[in-house]
Amino acid sequence: MHIPDNYLSPATCGTLVLAVAPVWTVAVIKVKAQVKAKRETLPMLGIAASLAFLIMMFNLPIPGGTTAHAVGGTLLAVLIGPWAAVLALTVTLLLQALLFGDGGILAFGANALNMAVIMPMVGYACYRLVQKWRHPKIGLFVGAYLGINVAALVAGIELGLQPLLAHTASGAPLYCPYGLNVTVPAMLAAHLLVAGWVEAIFTILVYQFVAKVAPTNLYTPTPTQSRRPWAYLLGGLVLLSPLGLLASNTAWGEWSPAELKQRLVAQHLSQQGPQGMVRGLHFKALFQDYTIGNLPISVGYILSAVTAVLIFLLLMRGLQHDTQTTK
Amino acid sequence: MTLKQPNKLPDWLEQPNQLSSQRQRHNFLAHNQQHLQQLLARLSQPLPAVQSKKWQLSPAMSLVRLGILVLLIALTNNTGWLWLLGLLIAGHLLLLSPSQFRRFCRSWLMSTVIALLIVLPSYWLVGSATVLLFGFKTGLILASTQYYRLTTTFQALLSGLKALHCPNILIMTLAIAITYLRMLGHYLLQTMQALDMRLVAPAKHPYRLIGTLFGNLFLKSQAYALELYAAMEARGFNGHYVNQPTTTNRWHDVLTLTPYLVLVTLFIFGRYYGIN
Amino acid sequence: MALIKLTALSYDYPNTRGLDQLNLEINSGDFVCLMGPNGSGKSTLLRILSGLENASQGDYHFDGQAITADYLANPQDRQRLHQQIGLVFQNTDVQLFNTSVAEEVAFGPRQLGLSDAEVAQRVTDCLDLTHSSDLRERVPYQLSGGEKKRVALASVLALNPKVLLLDEPLNGLTIAAQQQMLTLLQALRAAGKTIVMASHNFKQVQAIEPRFVIFNVAHQIQADLSAAELAAQPEQQAELLTL
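First to last, the protein sequences are chains A, B and C.
Here the first sequence is numbered in numbering that gives the first Met the number 0, starting from 0 and rising by one per residue.
Here the second sequence is numbered in numbering that gives the first Met the number 0, starting from 0 and rising by one per residue.
Here the third sequence is numbered in numbering that gives the first Met the number 0, starting from 0 and rising by one per residue.
Worth flagging that the hints you see were computed from the coordinates, not collected in a lab.
Glycine included, every Cβ here is placed at the ideal spot set by N, Cα and C.
Among the hints, erroneous ones may be present.
As the list claims (entries may be wrong) - To spell it out: a stretch of chain B is covered by chain A in this simulated footprint if at least three of its residues, at any positions, have a beta carbon under 8 Å from a beta carbon of chain A; those stretches are:
#1 27–40
#2 70–78
#3 164–174
#4 206–218
Said to hold, decoys possible - Listed below are several chain C residues computed to face chain B (Cβ distance under 7 Å; list not exhaustive):
#5 28
#6 51
#7 74
#8 78
#9 79
#10 81
#11 88
#12 94
#13 172
#14 176
#15 186
Build the full structure now, drawing on both the sequences and the hints.
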């Protein structure tokens with residue numbers, strides 16, 4: 000899932016770094032508090048970064064004779080705490096980009112957002128939510144699966160938006176040449192079908208081992224968890240969202256739903272994509288039982304955005320309830 | 000507990016084993032061992048800096064140069080510009096020793112071909128001009144990052160970041176990560192070998208083995224963290240990462256960066272005059 | 000015919016030499032003790048004998064079969080070799096990866112396709128032989144260094160290998176436990192097993208009269224003596240005592 004350089008426009012890269020910056024800030028604040036309780040957390044950040052590096056380079060056998068690799072975002076979040084995992088994974092990605100050529104240098108912000116923030120956070124939120132119903136393993140499994148898939152979805156969107164955001168006067172894309180109709184289904188198919196399962200199985204097996212051999216070594220959230228960082232984070236993201244304006248080479252603000260539809264359709268048609276793909280192949284994957292495929296594409300996009308926001312709010316809700324009961 | 004007389008071994012141990020052999024489809028352990036050995040070899044041999052001692056760019060400046068170069072390549076879509084930048088990179092490549100240049104070519108060609116393979120299908124969508132431009136740009140970016148990796152040691156990267164005023168905590172964490180990548184990698188390799196020694200038949204549940212491998216690795220990394228923290232405290236750790244004084248000349252730095260700065264200026268102001 | 004035969008075998012690490020021109024024959028039933036200064040190549044030799052590393056130059060024959068990189072690359076052949084050779088690592092941490100000691104010992108025999116009863120029998124026997132029956136349900140990760148050594152030996156014994164390679168098996172053991180370990184090794188030798196161990200503890204090892212293969216700092220074999228021959232060379236003995 001490492002996005003290489005030149006697939007994202009420099010403007011997008013810059014915007015995404017700015018978007019991740021507040022998360023890093025919150026993570027540093029939260030980890031500082033964690034260090035007070037557990038002093039070895041400080042060196043553990045670096046060691047966990049190298050652990051994540053090894054996880055990402057380990058080839059796991061998958062049926063069919065090929066291999067895949069896990070990312071370990073959710074696993075690390077559960078083992079050393081979500082905020083420490085954000086920092087550790089960031090360091091891993093930095094090392095990979097600078098010294099090993101995995102993932103681009105300019106695209107570092109995008110990769111960090113996908114793999115160091117979204118993946119551990121979504122996974123951990125799932126884990127905590129289901130843990131309260133006394134099924135931590137199910138939560139972890141679902142969390143690991145969802146975490147990597149949400150990250151892949153976001154990566155697909157980042158890539159797929161490039162032809163819209165950066166193109167020449169004649170419409171030729173300057174960076175990633177594929178539109179959303181290609182990138183999102185491609186990323187989702189690979190991760191929903193293979194990488195997600197690999198990640199989930201890997202995560203659950205390592206967790207099971209640690210939980211059995213040394214249960215006290217697992218990360219336990221401090222009971223008096225304040226909700227303030229979450230509020231900062233959300234607020235920061237909301238404040239930062241207009242930065243999207245900067246990211247586009249065209250007038251982003253003028254995109255009414257109708258115009259968005261026009262743009263998307265124009266984009267897709269110019270690429271001569273099959274009609275079925277234009278109608279949103281990836282929605283079918285998400286909403287198999289609904290006849291959403293017949294809806295206009297703009298409605299589909301809005302629906303999926305609302306769904307994503309709702310899922311996020313529901314996960315937040317679960318976490319809030321937890322802090323109230325433990326107080 | 001009943002202690003058996005040691006000179007009375009159980010019968011099965013007195014007789015030789017029946018050797019069995021079963022067909023095996025995949026050998027993920029051997030594959031990963033090879034992979035890991037390559038990584039460890041690379042980590043234990045920091046590549047020698049190739050530039051001459053007289054004309055060594057400070058680590059911070061080479062990092063800045065890399066940033067400027069990658070940004071310029073990514074921003075421009077003018078083939079003339081790209082040509083110029085390509086010449087600049089080629090000039091740098093002349094400084095490499097023949098063996099290093101061969102190594103550069105191998106890995107650069109490999110990574111560029113992989114990048115191109117992904118983009119190639121878009122030929123039918125957007126035409127050859129776009130694909131060519133994309134391939135050219137990607138190749139140039141990969142060349143500049145590959146050149147940086149080939150000429151920079153881990154230590155130089157850290158002091159470069161330090162000179163660019165990165166937070167101490169980040170540099171310390173990076174330093175720990177690089178050091179322990181080697182130690183944990185070595186531990187993982189040994190665990191895999193130990194597993195290999197006792198894996199006398201194809202594993203029925205390879206994933207369970209992988210779970211225990213990495214579960215053990217995590218516990219080991221925690222043990223390392225505890226030890227490291229104790230060692231840090233014992234040595235009076237105060238949160239500052241001290242870097243070695245660099246022995247480079249500022250004048251050299253500025254001189255080496257000049258072509259890049261000229262390019263950046265041209266790039267920014269060139270727009271008004273239609274050069275870009 | 001010798002069970003293990005090394006001919007002009009050398010091994011190179013990326014920057015340094017690991018073993019230099021070794022010629023060595025070990026017969027079935029031999030008890031060999033490798034001695035020498037730190038870094039002289041004892042562990043490297045054990046790793047080559049066990050098939051974990053390939054020689055850079057020279058030949059290694061096991062039971063008449065040349066052990067080459069190609070041979071080891073074939074998973075079936077590799078497993079065949081590992082069924083006959085067991086290795087107890089110097090750092091036993093890396094060798095114990097299961098969730099309980101009993102599971103640890105059962106790991107090997109279970110793959111050999113033995114019945115559950117046979118596996119259980121082997122676990123009980125091996126734990127008894129290594130005086131570790133009381134550790135049966137413990138988690139290997141939480142054992143002490145000496146306990147780990149014993150469990151590691153038990154888990155290798157359970158595979159009933161023809162050749163037993165031990166890298167510093169006496170390190171971290173109490174004097175009493177060292178005696179127990181050596182008594183067990185003697186019994187295994189009496190049962191016809193071939194044993195090659197690397198050790199620093201000359202005094203303890205001398206008591207069971209093995210054949211001594213002594214390395215020098217140049218990674219070469221300096222001397223290859225039976226216990227009786229060594230007894231006749233006081234200077235050599237004095238040198239070994241300083242290791």
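Of the hints stated earlier, which fail here?
-> Result: hints 5, 13 and 14 break, sorted rising.
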